[in-house]
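Residue numbers (our numbering): 104 to 216.
Keep in mind that the hints were calculated from the coordinates and are not lab data. Hints may contain errors.
Pairwise CB distance ranges (calculated) [to be verified]:
#1 Val163 - Val130: 31 to 37 Å
#2 Arg121 - Pro180: 28 to 34 Å
#3 Gly165 - Val130: 24 to 30 Å
#4 Asp199 - Thr107: 30 to 36 Å
Predicted model, so just to flag it, every value in this text is computed and none were measured. From the three backbone atoms N, C-alpha and C, an ideal C-beta is built for every residue, glycine too.
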Amino acid sequence: CGATGCLETLASVTAVTRRARELGLPVELPELVEVAGPEHPVWEGLVFGLGHGLRTFANVLGPDAIALVGGLTVARPALDAAVRAFRREVIPVHRDLPVHVLGRADRFAILGC
């Protein structure tokens, strides 16, 4: 939604490309992944926001697994960093919760994933 505190303001293609533009980096995700490793400041919002969001989701709802889909899946190293942040912060019972990075959502919706 883009409102203050919304996960989309930190962990979305729009948020990452806006931050890349501010830092003078390529805004196309494949090129950005090549020039900016997962520890680069361009990914800070994604790693923090997604890690925190996954933790909240797991702690409140207790799912059997989490599937990450969408345009940011091309940024696998940054998503892996967010999953590591999630594992550090989540309550112990969910530390081994499977988190699957599946790809673009339009490829999985029809499968019921």
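For a quick check of understanding: which of the numbered hints are violated here, in increasing order? Of the numbered hints, 2 and 3 do not hold.
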